[in-house]
Amino acid sequence: QVHEPTKNASSDQLPQLCLFPLVGDAKTSSMSQTLTEEADRNRHVVICVNPTAFGKSLPAQVTMETARLVAQVANIESEDWVRKYRYDEVLWSNRKEVVVDHGLFRVATGIAQDAVCGRGGGTLLTMGDKKMSTLFGMKAVSRMQAFTPSNLAVSDLGMMGMVYSQVLEGLNPDAVMTLSILEVVDEDSMRDLLDASRSAKTSLASSLRLRHIDRFPRVEGLSSEPVDSLRGLFHLVKRALAKKPRGHVLCFMSIWEDAVDQSLVHSTNRTLLTFGSLSSGHIPPGATALEKRRMAFMR
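All residue numbers for the sequence shown refer to the numbering used here, where the first residue is 48 and numbers rise by one.
If you're looking for bench data, these hints aren't it; they were derived computationally from the structure. Any given hint could turn out to be false.
Below, computed lysine-lysine pairings styled on DSS-like, alpha-carbon distance capped at 25 angstroms [said to hold, decoys possible]:
{"#": "1", "residue 1": "Lys285", "residue 2": "Lys177"}
{"#": "2", "residue 1": "Lys290", "residue 2": "Lys178"}
{"#": "3", "residue 1": "Lys178", "residue 2": "Lys285"}
{"#": "4", "residue 1": "Lys178", "residue 2": "Lys291"}
{"#": "5", "residue 1": "Lys290", "residue 2": "Lys177"}
{"#": "6", "residue 1": "Lys291", "residue 2": "Lys177"}
Taking CB as the label site, the calculated pair distances span [said to hold, decoys possible]:
{"#": "7", "residue 1": "Gly175", "residue 2": "Arg153", "range": "30 to 36 angstroms"}
{"#": "8", "residue 1": "Ala200", "residue 2": "Arg256", "range": "20 to 26 angstroms"}
{"#": "9", "residue 1": "Leu257", "residue 2": "Arg278", "range": "17 to 23 angstroms"}
In this text, all values refer to a predicted model and were calculated from it rather than measured experimentally. Backbone N, C-alpha and C define an ideal beta-carbon position, used for all residues, glycine too.
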């Protein structure tokens, strides 16, 4: 997962955080001595890396490849890789089943605090295995979960639920939050996942338009729904993901301060949180020319 908080600053000033899982088997180190034998055999690690630690911003792919290589020697005691490579920390998941969730919760806390305190919005992008369940929660993306559970927990909605619940707690009573969910299929095809009246493919030339305002892209014509509870958020995500998406899925959570209803949101300050599940850029053998073009765009 890649977390890039967006602020009103130049691109080289934007803080970035990359979380990457441990790759391959590794020996037990002093960091994992408290693990049980069973947990040790099934241990997973999330590595946090600052891509700007070396004085320049690195492309996401380079950052991830670096994290992948370093993760392979992460448990060698003689390698002071945390200091050498300037990783922020490592989260060992199986001491208790919630340790990685606790680590992701801390990331969510940072995003929520920035949003509530007016320090700017945030962007959370996920890619790779289990990206959808990490972002939206296992119950929200499960095809077997056809109804909203009565005992819905924050963790059931993944990182987005963690951020949302903390933002909701910190907002004043007059604030309004709305959610928009967009699927980007290729460079000229988008789909509004919360508007059932729209066709499966919506061209950029029709009702959805991509605009660049104040150096940031904006999608005009995208529907939004008010969200005032965890159950409401769960319902909207289930509705958007009723049909399995084929492209990137982007969720835009807008926070309108001091607005008593949606009719007043245009006169208030807005903070935008973006959650994205990025489609794989892998081009399978036998792909058609259109599929190759779409995959190249995804990359």
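Now the hints, each set against the structure:
no.	hint	verdict
1	Lys285 - Lys177	holds (17 angstroms)
2	Lys290 - Lys178	holds (17 angstroms)
3	Lys178 - Lys285	holds (16 angstroms)
4	Lys178 - Lys291	holds (14 angstroms)
5	Lys290 - Lys177	holds (17 angstroms)
6	Lys291 - Lys177	holds (14 angstroms)
7	Gly175 - Arg153: 30 to 36 angstroms	violated (20 angstroms)
8	Ala200 - Arg256: 20 to 26 angstroms	violated (38 angstroms)
9	Leu257 - Arg278: 17 to 23 angstroms	violated (32 angstroms)
Taken one by one, the earlier hints fail for this structure at numbers 7, 8, 9, listed in ascending order.
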